[in-house]
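Per UniProt numbering, the sequence shown starts with residue 1, numbered consecutively.
Accuracy of the hints is not assured; some may be wrong.
The list that follows gives simulated cross-link-like pairs (lysine-lysine, BS3-like), each with its CA atoms no further than 25 Å apart [claimed, not checked]:
| # | residue 1 | residue 2 |
| --- | --- | --- |
| 1 | Lys61 | Lys99 |
| 2 | Lys7 | Lys205 |
| 3 | Lys205 | Lys10 |
| 4 | Lys61 | Lys104 |
Each pair of labels, with its calculated beta carbon distance range [said to hold, decoys possible]:
| # | residue 1 | residue 2 | range |
| --- | --- | --- | --- |
| 5 | Gly175 | His201 | 43 to 51 Å |
| 6 | Thr179 | Gly65 | 35 to 43 Å |
| 7 | Gln220 | Gln64 | 12 to 20 Å |
| 8 | Lys159 | Trp136 | 16 to 24 Å |
| 9 | Glu147 | Asp113 | 22 to 30 Å |
| 10 | Met181 | Asp15 | 21 to 29 Å |
| 11 | Lys10 | Thr179 | 41 to 49 Å |
| 12 | Arg146 | Val41 | 19 to 27 Å |
| 13 | Pro87 | Glu111 | 36 to 44 Å |
| 14 | Lys7 | Glu176 | 53 to 61 Å |
| 15 | Arg146 | Glu236 | 33 to 41 Å |
| 16 | Asn131 | Arg183 | 23 to 31 Å |
| 17 | Asp172 | Arg146 | 26 to 34 Å |
The set of hints was computed from the structure by calculation and includes no laboratory data. For each residue, glycine too, the CB sits at the ideal point set by N, CA and C.
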Amino acid sequence: MCDTARKLGKVLAYDFHQRFALDTQQLREQVTNGVLGEIYVTTARALRRCGVPGWGVFTNKELQGGGPLIDIGIHMLDAAMYVLGFPAVKSVTAHSFQKIGTQKSCGQFGEWDPATYSVEDSLFGTIEFQNGGILWLETSFALNIREQSIMNVSFCGDKAGATLFPAHIYTDNNGELMTLMQREMADDNRHLRSMEAFINHVQGKPVMIADAEQGYIIQQLVAALYQSAETGTRVEL
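Just need the whole structure built from these sequences, with the hints factored in.
Here you go:
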């Protein structure tokens, strides 16, 4: 798709809507301006406690391609990579688990057949960047955590740290804990902003989209995470 779009001169965009939230845009600006300094640890979480989708083909690996990583984890991964500025990746390692979906048959998102459940319940991965930083990714449909759902990204830099939803930047000064920026509520219009950006870009306006090249990078990372989890080996990129 990426090659075809480039060959034909067409606009190809991915609906990675999390990057279009005002929180993400503002945090990206602060990172670009060096407020966090060198970011060396990033943690992206897309976790559900009891959220296996009971409709469609979400539990069929052959038809869906995978479970929470390819469904919800991919969105937090893109948000993290976008804020970081898509640093070059060195290697990927991952572990996946299938412990709950094959034992239970219903949850908060409906019912499914445990006998045909073939996707991962959860996946945990580490992405190592060429600059020495790392990104931890945690994603699940079903995982015995306290919270019902966690959809967020945290960034640790040598000058300050940040969380994404709602955007919050914090540091300390001579032992005094300080807040440098804080949104009271996360932006809920990210889906609309994503669609508007695509339409504006097609019309020739100079707006940011999740373009073919960045989408290809994210898909490469997803494929590498699955490959590492399946083979038990580190995947070099």
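Evaluated hints:
1. Taken as a hint, the Lys61 and Lys99 pair is honoured in the structure, with Cα atoms around 15 Å apart against an allowance of 25 Å.
2. Only pairs whose Cα atoms come within 25 Å are accepted, and Lys7 paired with Lys205 is accepted, the gap being roughly 21 Å.
3. Restraint check: the Cα-Cα separation between Lys205 and Lys10 comes to about 15 Å, which is no more than 25 Å; the hinted pair holds.
4. Taken as a hint, the Lys61 and Lys104 pair is honoured in the structure, with Cα atoms around 17 Å apart against an allowance of 25 Å.
5. Separation of Gly175 from His201 is about 47 Å and conforms to the stated range, judged on CB atoms against 43 to 51 Å.
6. For Thr179 and Gly65, the hinted distance range of 35 to 43 Å is satisfied, since their beta carbons lie about 41 Å from each other.
7. The hinted window of 12 to 20 Å between Gln220 and Gln64 holds, with their beta carbons roughly 19 Å apart.
8. The hinted window of 16 to 24 Å between Lys159 and Trp136 holds, with their beta carbons roughly 20 Å apart.
9. Separated by about 27 Å at the C-beta atoms, Glu147 and Asp113 satisfy the suggested range of 22 to 30 Å.
10. The supplied range of 21 to 29 Å is met by Met181 and Asp15, whose beta-carbon atoms lie about 27 Å from each other.
11. Taking 41 to 49 Å as the suggested C-beta distance range, the pair Lys10 and Thr179 conforms, at roughly 44 Å.
12. Taken as a hint, the range 19 to 27 Å holds for the pair Arg146 and Val41, whose Cβ atoms sit roughly 23 Å apart.
13. Between Pro87 and Glu111 the Cβ separation comes to about 41 Å, which falls inside the hinted range of 36 to 44 Å.
14. At roughly 56 Å, the beta-carbon separation of Lys7 and Glu176 lies within the given 53 to 61 Å, and the hint holds.
15. Range check, Arg146 to Glu236: Cβ separation about 36 Å, and the 33 to 41 Å hint holds.
16. A hinted range of 23 to 31 Å for the beta carbons of Asn131 and Arg183 is consistent with their spacing of about 28 Å.
17. For Asp172 and Arg146, the hinted distance range of 26 to 34 Å is satisfied, since their beta carbons lie about 27 Å from each other.
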